[in-house]
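J.: Residue strings, one per chain:
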Amino acid sequence: MTEATPGLFATLRPWLVHLGRRRRRLLAGAALMLLALAAALGLLALSGWFITATALAGLVLAAGGAITLDVYVPGGGIRAFALTRTVARYVERLYNHDTVLRLLADLRGHMFAVLVDLDNASLSRRRASDWLNRLTADIDTLDSLFLRLLAPALVALLAILGLSALLTVWAPSAGLAVGLVLGLAWCWLTIGQARWGLAASRRRVAELERLRGRVIEHLSGMAELESHGALAEQRRRLDAIEARLRVDQSCLGRLAALGSALAGMAVGLAWLLALWLGAQLWAAEALSGPLMVMMPLAVLAMSEALMALPMAFTQFGATQAAAERLNALEAARHPVSVSPAGPLPSQGALSVSLERVGLRYPGALTAVLDDFSLQLAAGERLVLCGPSGIGKSSVAALIAGQIVPDSGRVCLGGIEIEHFEAQALRRRLALLTQNSELFDDSLAANLRLGDPEASDERLWDLLDEVELGQWAGGLPHGLATRVGEGGRRLSGGQARRLVLARLMLRDPGLVILDEPFTGLDATTAQRLAERLDAWLAGRTVIYLSHRHDDEAMPLPGVTRTIDLTAHIGSPLCATGQNLSG
Amino acid sequence: MKGETPRAWLAGLARTERRHLTLAVIAGTAAGLLTIAQMATLAWLVTSMLIEGAEPSSLAAGFAVLVAMIVLRALAQWGQESAGLTASLRVRARARRELLDHLERLGPVGLADHHSASLANRVVDQVEALDGYIARFLPQMRLAVAIPLVILGVVVWLDWLAALFLLLAAPLIPLFMALVGMGAERLNREQFDTVSRLSRHFIDRVRGITTLQLFGAGERATREVHAAADDYRRRSMRTLRLAFLSSAVLEFFAAVAIAVVAIYVGFGLLGYIGFGPADELTLFSGLLVLLLAPEFFQPLRTLSQHYHDRAAALGAAEGMVALLDEIPPRSDEAPLPCRSDALVELEAVTVSYPERGRVLGPLDLTVRSGEILGVSGPSGVGKSSLLQLMAGFIAPASGRHRAAPDLRVAWMDQRPLLIHGSLADNLRLAAPEADEAALRDALWRVGLGELLEALPDGLATPLGERGVGLSGGQAHRLALARIFLSPAPLVLLDEPTASLDDDSEARVLEALSALVEQGRTLVIASHRPAPLALATRRLSLGLEGAHEQGVLEEAMHD
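If you read the protein sequences in the order shown, they are chains L and P.
The working numbering applies: residue 550 is where the first sequence begins, and numbers increase by one.
The working numbering applies: residue 18 is where the second sequence begins, and numbers increase by one.
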């Protein structure tokens, strides 16, 4: 696209580069579109020429004159154009949809890779499922960049240039006039519509988002709103957003309508000009009658190329906004780690140290950690306790390299963690989060996250370890049983045991366990604790816990306990996490 | 409303905008007629020059008329789209209003089975999906019948044999429409299924991305995401190959009609065709027939482009009608007045849900002013239902619910509401008129005074999306501060501390005690001992037997 502002080009650039990887297919798709258009144009133009030529020949014949008119070549041409148009349109639609779906796979894969590289702080602020939907919608929007915007605009432009060149061969004045009128129309229908609609179409997306947020608020808080008598007031705010949305939609709709009316008018005026100028040449005997008729008919067929442009380009702001949001995500990617200062010991327990660490989440009211230090020798088993929100999870995320401290140093095995390659760090460190995160996949696939090479026997052994073996053995599909979205088909206790088994497939030097036995009854927890104890031998361990209470939470082999409340003081905390989880 | 089909509901909505839709059809018809007139003028101009040898300059009037017609046609086209747009905007506003009104009637209990994000999707995005159907498809459906008929009439008058070529295609038109429609509908349904399957896979992986990072499985998962999308492509291409065929048939007939007309007219003009009206063909009639042939098929082609709008609207309407069919679990009438000076009197009430059967009662209970009633019992015994009944969110299945006249009730549950706005906006939900001093006072009472002092922007601090910046305990206390501001004498608390740790719980309970000192009446349902310890009277609900009554006991309390 040639939109003027460099800001816009910079926004779309990465996506154009993306499209560029499929350059061949895109060009072929555009060529097919052009072929279909050319065939439609040729069909109408040649038919007009043919009818006029035969009418004139008929008159001569009727008057008793002699004339030879080859009817078979134009007749064949007409049939060929008709067939080409149908076939080209069908093939073009299929081919271009295939391309778009390929692009979709590319874009999703790419955006997923971006997300994988995001740190925890950026991710936790974006947990809500509506954000995820927003993300997929944005990807889909950019996915149609080619089919909706780039290709039709390019094809229309090429068709305009080609047509005026063709007309110039017979009637330079008509070629120039048609090129000028349609060229101006093209500029307006693409750049003009996009510019005019930019503010409103961007606002429209934002207002829709706001409306969605307000509706969710309205519905999820209905009990409180109704009891406080605040439903009507909230509804008024909702209506105000909707009214603003309606203004934007109305403005965009009218702009699009104006665009299509102008497109129709431009094509109309162009063919009229072609007829008028052709007639002048014909009167001067510089142009034959059939050619004079052919020219306006060829221009008439151009409306097919222009009609789709205004609707798509009026909504251009939405595409731009989607690109901006995804660019922002990409910009939040982890900086590439600096050259390794030394290798991470590939075996044995790891020591941990946090030196005067400070951490504050963006948007949070207060800092989570301020000048916090912690030393842990290799093989120690430490309990970090304190109420929720005190910063336990933040300490864990810092050690796991998921977030970067604002100040201070985090070291593993004596080396600052930012010197480690992410993959190496993840091999040596295991973190069991408080939520039992499972994927909508089979038991086996969920377990093999811990070790992709693990054999079925090894998986069964581990399921026995966590006392799920018998249960899984009784399932009709065994290891292939799907666990449902987020492990929904399992009970909380089963899910917890499954993630413990997954953890035990690994061989890390440092293990961080956040409430390892939540959701398990005391006796099961006790038995599992013993087996976990054996696996934890020879590793450094950090337990995170609300409070250290041996009865409910049997944490094996604790050597030291640190109460974070004492360290950090008043729990005027701000976790930066969604309350909605 | 009950039992209405999505199609009938959509038709009802469209009927409310009949005026604008009719206007759109009229404007569209005008545009169609102007197109025919333009083509006729073009053919006449060409004939005048080529056959009658008129000078172009002598035909200037004809050219001027064409300019006027082109401008008028653009105006008509603009009018059609604008009228459709107005109708669509108004229909969408109406549908959204209807949905929200109904959701409010359903109330918190009626909404409990729904996910609020998916409801919001219906109210916002699904309503938007009606746009194309109302604005473009409905007017085009009329035009696709009217305009081809007019054109056919003109062509019959010009040359009945040429009209026959078009007419041969005409009976096929409903067939095309069905073909295109079936293709589009199936395509839409299948695409919808596969798209949502693909989205679920993507969202599932994004949701668990931290875990994937921790296991170093990011790269593998990225390959999987790509593979899933590519698999989706292969599967949907299979459907597309068939689905596009129906519109290809339409294209084929449109193209062939032009070709056949052109060749017939051409050969007729040469005198090669010796039967029918062919020998009466002139350049004017021949050219006009040729020019009208594509216009004959154009409205239908436009309609087929908008066919997916119809499928999308029907799909959306289905979900909305299902929602509108849900019956509110509460009655419209206010509860009967109490017979004593109590706040609430329940006489042998039961609560039941259609799927779960009876969940509470029969139960007799009187709540008197100034008491703290603790409701305990295992989960599923109806603690929440009891509170919902007192709040008027659900009607008793049997028995009587009496309440003091004009009784106002304040409600707080496990997940306090935080609206997008400032701290003050959140507090003023309960008391729109409250001044800043009152807001500050309420925050101090619930132990958020220090937090307020620590905030540079004070009461104007924005709470961000979903209350980012507040911990769970702080959010609870904020909801409590609202209750301090509310004038309601009866406060219903459903598991007010369930998701809190001990420390936060203690602070919330402190604030509750302060409420009691104000002389409010509290009903607390909880399974935790600490909040129940506040109670002056306890009701423990049990599971044994369908007729199990609550056992009331005076709690040992000083």
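For the record, the hints were derived by calculation from the structure and aren't laboratory data.
Heads up, the beta-carbon is just placed ideally off N, CA and C, and yes, glycines get one too.
Any given hint might turn out to be false.
Claimed, not checked - Beta-carbon label-pair distances, calculated as ranges:
| no. | chain 1 | residue 1 | chain 2 | residue 2 | range |
| --- | --- | --- | --- | --- | --- |
| 1 | P | ARG251 | L | TYR621 | 14 to 20 Å |
| 2 | P | ARG237 | L | GLY1068 | 25 to 31 Å |
| 3 | P | ARG111 | L | GLY711 | 46 to 52 Å |
| 4 | P | GLU343 | L | ARG1031 | 28 to 34 Å |
| 5 | P | ASP118 | L | ASP1013 | 53 to 59 Å |
Stated by the list, open to error - Not the full set, but computed from the structure, chain P residues with beta-carbon under 10 Å of chain L:
| no. | residue |
| --- | --- |
| 6 | ALA47 |
| 7 | ALA48 |
| 8 | LEU50 |
| 9 | GLN94 |
| 10 | SER105 |
| 11 | GLU121 |
| 12 | PRO125 |
| 13 | ARG159 |
| 14 | ALA246 |
| 15 | TYR249 |
| 16 | LEU262 |
| 17 | ALA441 |
| 18 | ALA448 |
| 19 | ASP452 |
J.: Can you give the numbers of the hints that this structure goes against, from lowest to highest?
T.: The structure conflicts with hints 1, 6, 8, 13, 17, 19, although it agrees with all the remaining ones.
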